[in-house]
Amino acid sequence: MINQLSFPSFVWKNLWRRRLRTLLTLCGIGMAIGAFVGLVGFSSAFEQAWLHIYTSSGTDIAVIQRTFLNTSIDESAAGKIRALPLVAQASPMIYNVMDLTPEVNALVYGWKADSYEFKSLRILSGQRFRDGKPEVILGYLLAEDLKMKPGDTLEIQGSPFKITGIYHGGSALEADALIMPLDELQQLSGLEGKVSTIDVRLRPAPPGEPPEKYLKQAQAQIEAVVPGTKAVPAAERASNNEFVRLAHASAWGTSSIALLIGILGIANTMAMSVFERTRELGILRALGWSRWQVMLLIQMEAAVLGLGGGIIGIVLGCCALRLLARLPQTASIVSSQVPYPLLAETLGIAFWAGLLAGAIPAWRGAQLSPVEALRHD
Amino acid sequence: MTSPALEMRDVRKSYEQGQIEALRGVDLSIATGEYVAISGPSGSGKSTLLHLLGGLDSPTTGTILFKNASLGSDIDLDTYRSRKVGFIFQAFHLMPTLRAIENVQLPMLGLSRRGMDRAARARDLLMEMGLEDRMESYPNQLSAGERQRVAIARALANEPDILLADEPTGNLDSKCSANVMQMLTGIQKRHGMTLIVVTHDDAIAHAAPRQIRIRDGKVEQ
Ligand SMILES: Nc1ncnc2c1ncn2[C@@H]1O[C@H](COP(=O)(O)OP(=O)(O)O)[C@@H](O)[C@H]1O
Ligand SMILES: [Mg+2]
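Heads up: the protein sequence lines correspond to chains Y and H, in order. Here the numbering used here is used: position 368 in the first sequence is 368, and no number is missing along the way. Here the numbering used here is used: position 103 in the second sequence is 103, and no number is missing along the way.
Keep in mind the hints are simulated off the structure, nothing from the lab. Glycine residues also receive a C-beta, built at the ideal position from the N, C-alpha and C atoms. Careful, some of the hints might be misleading.
[Unchecked claim] Computed footprint of chain H on chain Y; a stretch qualifies when at least three of its residues, placed anywhere within it, have a C-beta under 8 Å from a C-beta of chain H:
#, stretch
1, 12–23
2, 122–136
3, 287–296
[To be verified] No more than 20 Å apart at the CA atoms, straight line, and that leaves these computed lysine to any residue pairs for SDA-like:
#, chain 1, residue 1, chain 2, residue 2
4, Y, Lys-162, Y, Glu-75
5, Y, Lys-13, H, Lys-189
6, Y, Lys-216, H, Ala-119
7, Y, Lys-133, Y, Lys-80
8, H, Lys-189, H, Asp-78
9, Y, Lys-133, Y, Glu-75
10, Y, Lys-80, Y, Gln-187
11, Y, Lys-194, Y, Ala-77
12, Y, Lys-147, Y, Ile-123
13, H, Lys-189, H, Asp-173
14, Y, Lys-13, H, Glu-136
15, Y, Lys-147, Y, Gln-157
16, Y, Lys-147, H, Asn-140
17, Y, Lys-149, Y, Asp-183
18, Y, Lys-119, Y, Thr-101
19, Y, Lys-112, Y, Val-97
20, Y, Lys-13, H, Tyr-35
21, Y, Lys-133, Y, Asp-145
22, Y, Lys-13, H, Pro-96
23, Y, Lys-112, Y, Glu-184
24, Y, Lys-13, H, Lys-67
25, Y, Lys-112, H, Ser-137
26, Y, Lys-112, Y, Ile-2
27, Y, Lys-112, Y, Pro-134
28, Y, Lys-13, Y, Gln-187
29, Y, Lys-162, Y, Gly-151
30, Y, Lys-13, Y, Gln-293
31, Y, Lys-13, H, Asp-78
32, Y, Lys-13, H, Ser-137
[Said to hold, decoys possible] Chain Y residues, not near chain H, derived (Cβ > 12 Å throughout):
#, residue
33, Gln-48
34, Asp-74
35, Ala-88
36, Val-97
37, Pro-227
38, Gly-228
39, Glu-236
40, Phe-243
Use the sequences and the hints to build the structure in full.
Given below as structure tokens:
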């Protein structure tokens, strides 16, 4: 209905009246939300990439040490696991982050030359390394970084290694990594006979058996034959992995700070606006508006700022992710596809941020006595 | 005898922890449908009195009764303000961002009655005020007289029993004043409304059937 005044239209007019301030506030919260979308989006892409390592090689379970500090398990456990009827293959491995040159550090894997995990790799040039030989294969991104090709020699922690091949990994993380024989990496890191994980592939579940139950059964059997270890389903391992956890923590940490600043921005804007409109709020009270309605008006203005900032932030964040998806350094990890649940979560966070920011100004606005407010100017 | 629309019993109002005594024991009774002018020198407590009658503030001591219901206890002040009284200010107090027709709807928005055609009601009220050509105008596009007529329409929005006006002609020239007073008294007669006008214009005060004079926070006998 034309000219019908409604609560939302009144809210809109109040915000529109101070458009510059509204715009600046929106930019502030928008940048915070953008940082949130970008960082959290990036860290979840990182988690996805990690998960892909397992899915592309068909790993169902990762066996790790149960205690937190002692991170290695005996390599011999692999044989016991392999002997279990449910288990198709078990591949002991080490992964570590190492300095390759003063500028480049990379994820270094130690695999056995016959590991089933090779199935997820495509050798682009050269060939696989052999066990017991100082040989490595490089992910194609790392090879580009180091400007090396098969036949070149790479010095790792003082020992020369011959590059036998360049591969394309099933996961983005592997594209930036280096793989060497397990025994060589054990020697290099002083971990003879030890491994960090045993990746396990299960035989297909018998028909009619629920996969969850089958997985549980396998976990229990593995933990029984190798005491002191934990058999973690691959999906869980991907998100519980310490690198992923660190990425999540820093993403959430950084964006919480940004969000806090954004919330303070809205709170400041709303506090100013309540102060400037003291008399108007008094008039509304004089016209019969209750405290509750005045509070609702201010809260709605703050929530609109939050939501508007959220939309701006999503646009900014998605642009940032698109950009990361194109940069050579990060293209492999970030796909330009934006995770939709994250967007819904973001809008929710933006809305609540607005409400939170509006709470104190709204409360103050509602506390005004009509007469005091009318005398104010 | 008609029952009183409003009654004050030994009402006192002080400010600044009792340092300023704006009202020092006021007793008065105003009948339903009565038109009363309140006059007195500046600072004598006229506005304070009107604010208390309008439920914008509470007395320090004493009671105010609306149709025998005590304000603030028998009837809650928000409800009283939104349904029973319409307030008109000297400075109009229109919302600058809202058109005339939207300003008139503000009190109706406070009622939050679902499905009410607020715009139609606002249009009728503005027509009654002779503002059919100014409905879409913003306050700064209106003359002072027109603004006060919008404010009167707004005060009538929720069909109040009582209309309170605090120096409604204080910012108007004499021609507009006469026009606004004519509107107010016209409404009072047509709707049988109780009308209380604070004024320091003697002509207006004398024209009212009943006049109450205030001096130093007391009703002059
Ligand atoms: N909110 C207030 N705080 C302090 N003093 C006030 C307040 N309101 C009114 N007063 C004082 O109370 C007295 C009466 O004021 P008021 O009712 O506005 O008089 P009038 O309307 O007759 O000019 C004046 O001395 C005024 O300064
Ligand atoms: Mg006054």
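Numbered hints the structure breaks, given as an ascending list: 2, 4, 5, 6, 7, 8, 10, 13, 16, 17, 18, 20, 21, 24, 25, 26, 28 and 31
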